[in-house]
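Participant: Following the hints, position chain B against chain A.
There are 2 protein chains.
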Amino acid sequence: MSLIVQKYGGSSVANTERIKHVAKLIVKARDEYDNVVVVVSAMGKTTDNLVKMAAEITDSPSNREMDMLLSTGERISIALLAMAIHSLGYDAISFTGSQVEIITDTSHTKARILKIGAKRVREELKRGKIVVIAGFQGISTNNDVTTLGRGASDTSAIAIAAALGADECEVYTDVEGVFTSDPRVIPQAKKIKSITYEEMLEMASLGAKVMAPRSMQIAQRFKVPLHIRSSFINKPGTLVIAKEREKMEEALVRSVILNEDEAKISIIGIPDKSGIAGTIFSRIADENINVDVIIQNISAKGMADISFTVAKEDLKRTLDVADKLKSIVEPKKIECDENIAKISIVGIGMRTNAGVAAKMFQSLGENKINIRTISTSEIKISCLVDKKEGKKAAQVLHKAFELDKL
Amino acid sequence: MSLIVQKYGGSSVANTERIKHVAKLIVKARDEYDNVVVVVSAMGKTTDNLVKMAAEITDSPSNREMDMLLSTGERISIALLAMAIHSLGYDAISFTGSQVEIITDTSHTKARILKIGAKRVREELKRGKIVVIAGFQGISTNNDVTTLGRGASDTSAIAIAAALGADECEVYTDVEGVFTSDPRVIPQAKKIKSITYEEMLEMASLGAKVMAPRSMQIAQRFKVPLHIRSSFINKPGTLVIAKEREKMEEALVRSVILNEDEAKISIIGIPDKSGIAGTIFSRIADENINVDVIIQNISAKGMADISFTVAKEDLKRTLDVADKLKSIVEPKKIECDENIAKISIVGIGMRTNAGVAAKMFQSLGENKINIRTISTSEIKISCLVDKKEGKKAAQVLHKAFELDKL
Chain A
1 MSLIVQKYGG SSVANTERIK HVAKLIVKAR DEYDNVVVVV SAMGKTTDNL
51 VKMAAEITDS PSNREMDMLL STGERISIAL LAMAIHSLGY DAISFTGSQV
101 EIITDTSHTK ARILKIGAKR VREELKRGKI VVIAGFQGIS TNNDVTTLGR
151 GASDTSAIAI AAALGADECE VYTDVEGVFT SDPRVIPQAK KIKSITYEEM
201 LEMASLGAKV MAPRSMQIAQ RFKVPLHIRS SFINKPGTLV IAKEREKMEE
251 ALVRSVILNE DEAKISIIGI PDKSGIAGTI FSRIADENIN VDVIIQNISA
301 KGMADISFTV AKEDLKRTLD VADKLKSIVE PKKIECDENI AKISIVGIGM
351 RTNAGVAAKM FQSLGENKIN IRTISTSEIK ISCLVDKKEG KKAAQVLHKA
401 FELDKL
Chain B
1 MSLIVQKYGG SSVANTERIK HVAKLIVKAR DEYDNVVVVV SAMGKTTDNL
51 VKMAAEITDS PSNREMDMLL STGERISIAL LAMAIHSLGY DAISFTGSQV
101 EIITDTSHTK ARILKIGAKR VREELKRGKI VVIAGFQGIS TNNDVTTLGR
151 GASDTSAIAI AAALGADECE VYTDVEGVFT SDPRVIPQAK KIKSITYEEM
201 LEMASLGAKV MAPRSMQIAQ RFKVPLHIRS SFINKPGTLV IAKEREKMEE
251 ALVRSVILNE DEAKISIIGI PDKSGIAGTI FSRIADENIN VDVIIQNISA
301 KGMADISFTV AKEDLKRTLD VADKLKSIVE PKKIECDENI AKISIVGIGM
351 RTNAGVAAKM FQSLGENKIN IRTISTSEIK ISCLVDKKEG KKAAQVLHKA
401 FELDKL
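Going line by line, the protein sequences match chains A and B.
Position 256 (the first sequence) corresponds to 256 in our numbering; numbering is contiguous.
Position 83 (the second sequence) corresponds to 83 in our numbering; numbering is contiguous.
Pulled out of the complex, with its shape left as it was, chain A reads as follows:
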């Protein structure tokens, strides 16, 4: 029995006309596969409107109530989409996160999936129905509605595909697939035909907006074959798989990612004793704040400086944590810099090819782009540069690694 999971994002179901269009794509899939499961986001700006209403009520809404509020958006989409499928003469049934038994922890607004029951999904698939599931939401171990964080409908879809053992998970979005860089920054950017989970995971973590990092982790762990494509244009998009079939060796650098949405925090002049970094980052993690690039320098006087970046939207909360840590870590000062851009290159080929970093730094240097901070992993290199030089840096690197010649 073949099974496909399709996920449609907010722009794909932005209005009732779009929902009717998506219903057609779904019944087409139903003609090709024995079983079709669809995961849907909230319609277009619904979530933003709900957030706006909450802001009119209070500056600091309770996370539990935010989840109660925001989870309604996807419920509207699934009901309307099921109706649209019915009106094409196919049988469909909508389910909330609770009905699919997407059991999560109790971290409201950023809940983690613990397990997926999906008993009713299997039953309705056996009856030949197309199953339409609300993305982004689950039900906590306390029986409260939870949400999985902004953009987490991808996570829902991939986790459901993994739980059901789907043959493929198609992720429909408003772009044609994964590109060598953001086409708005680099008009020469090319669509990538296929890419590995590992590369996508790095790209997602670096701020490429196509897929959320968490969703890629689940895809990688359960080896869910992904197809990222557009619901607006009927063209193949980008396949995300465990191992590429061909030409893998040639792909040295796959993608250049510019991220202007981070800020850098420096905690300067802290006593260089063991455990300090652990204390700092565990407190930050307690607040559910994701830290990106971390650099620690030890100065001559036995003092350490720790710098790290966070998403700008988490900056205020991070500074609050840092402030509370003052009495424990006793730094000389805490600095914050929002005037940065992070430019990164990603490629699985880096592992076996020396000289990639050198080429990156050299290209930036030749173009008089000053590198402030460097951070590397096995398959990526990131540099922090001045914000105003971010776009130029992206263009320089896209050209240097010949990504426009794909």
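If you're looking for bench data, these hints aren't it; they were derived computationally from the structure.
Since the structure is predicted, the reported quantities are computational estimates derived from the model, not experimental observations.
Hints may be right or wrong, so weigh each one.
Note: identical chains are not told apart, hence a pair may lie in one copy or across any two.
What the hints assert, rightly or not - For lysine-lysine, the following DSSO-like pairs were computed, each having C-alpha atoms within a straight-line distance of at most 27 Å: (1) 45 with 20; (2) 52 with 24; (3) 235 with 359; (4) 129 with 110; (5) 129 with 52; (6) 45 with 235; (7) 223 with 119; (8) 387 with 333; (9) 359 with 388; (10) 405 with 235; (11) 191 with 243; (12) 193 with 209; (13) 273 with 235; (14) 209 with 243.
Facilitator: Same frame as chain A, now just chain B:
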């Protein structure tokens, strides 16, 4: 331990400003009562907007999916209202119909409550929290979201008040209470200070828009003291109780109700054999259509005519049923008349006072208002008249029974 249940309708929570105002009324009640439970409708036009979106998708949406769709409106209200209460420094928690275990049958869009668990409600009240519950919705025995019919948030509130043994159920609305007639039709209409369940039930069934008949049945059955009042003006409204304390004998007619939202269907010339009426009305009931006035005449030739009224919104579906019945009951013809108004008088005093009906018919006759059909019960009399004479009939009767002199 004192316990009050408050219910706020859609106009009372129409926007975030109104929600903040309602939060103030709620915390004021919390200062007066040990326990406060609040039942809320969807914000203003939310439900209408959702219905409109469904209509853009399909002419005949599935009832199950309509319930999934419409139940989101109240979830938005409860989350925002809980936030607004928090911001006043009081503890509150929102619950869906499912979380309150409002277990219903599986009649989607018109579900009946089977039982109410309310375990979590009791727990959170013990913790001192204000509990905010989504009206209008429940969870079916199949674990699907159900709704209880338009305007059924009253039903939710009264059923919850009954289940919790509340001291009182306050129903906040956009009118000041129950009036002797609709003040838009009869400017002299007076607010009624207190009234019995029985009278309210008749008035509700006759189309007085204040309370839904079902909610009054539950109130009467479980003797839930009601206080119907305005959330816009701080004034006592109308008490609804089992038995009035004083002056009951004097209240001959309590209220005049004009209903212009019904249509009359006549099934003419059917063989006069037993069981025919049963067949007709059981088929109509199967479609969850409420039938109001029913009249049957036997003509000389052994043929019967059956006339009845239904809400105009149910007319199309009722005619469909009648059409299907043609082969069974073989009528000469089926007629339909939308050009009617139903004028009714209600009063518990009618039971022991003769001459009320005579006075009604006489007053209408003196004013040259032609009565087409008469239907009576123990405490009410209804007449069908030409639609264009409905308002005049209401005014004539309001004056004849001296309701403007209260």
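Participant: Does each hint fit the structure? Answer for all of them.
Facilitator: Going through the hints against the structure:
For a Cα distance limit of 27 Å, the shortest separation of residue 45 from residue 20 qualifies both inside one copy, at 18 Å, and across copies, at 24 Å. Only between protomers do residue 52 and residue 24 lie at most 27 Å apart by alpha-carbon distance; the minimum there is 21 Å, versus 32 Å within a single protomer. For the identical chains of this complex, residue 235 and residue 359 are neighbours neither inside a copy (35 Å) nor across copies (78 Å), given an alpha-carbon limit of 27 Å. In this assembly of identical chains, residue 129 and residue 110 lie within 27 Å of each other by CA distance solely across copies; the values are 24 Å between and 31 Å within a copy.
Taking the closest pair of Cα atoms, residue 129 and residue 52 come within 27 Å of each other only across two copies (26 Å); inside a single copy the shortest separation is 36 Å, beyond that limit. For a Cα distance limit of 27 Å, the shortest separation of residue 45 from residue 235 inside one copy, 26 Å, qualifies, whereas the shortest one across copies, 40 Å, does not. Taking the shortest Cα distances, residue 223 and residue 119 sit within 27 Å of each other inside one copy (22 Å), while across copies they are farther apart (42 Å). In this assembly of identical chains, residue 387 and residue 333 lie within 27 Å of each other by CA distance solely inside one copy; the values are 23 Å within and 81 Å between copies.
Taking identical chains as interchangeable, the C-alpha atoms of residue 359 and residue 388 lie at most 27 Å apart only when both belong to the same chain, with a minimum of 22 Å there against 88 Å between chains. In the homo-oligomer, the alpha carbons of residue 405 and residue 235 lie at most 27 Å apart inside one protomer (21 Å), although the nearest pairing across protomers, at 77 Å, exceeds that limit. Taking the shortest alpha-carbon separations for residue 191 and residue 243, only the intra-copy value of 18 Å comes in at or below 27 Å, while the best inter-copy value is 77 Å. For a Cα distance limit of 27 Å, the shortest separation of residue 193 from residue 209 inside one copy, 17 Å, qualifies, whereas the shortest one across copies, 62 Å, does not.
In this assembly of identical chains, the alpha carbons of residue 273 and residue 235 never lie at most 27 Å apart, being 56 Å within a copy and 68 Å across copies at closest. Only within a single protomer do residue 209 and residue 243 lie at most 27 Å apart by alpha-carbon distance; the minimum there is 22 Å, versus 66 Å between protomers.
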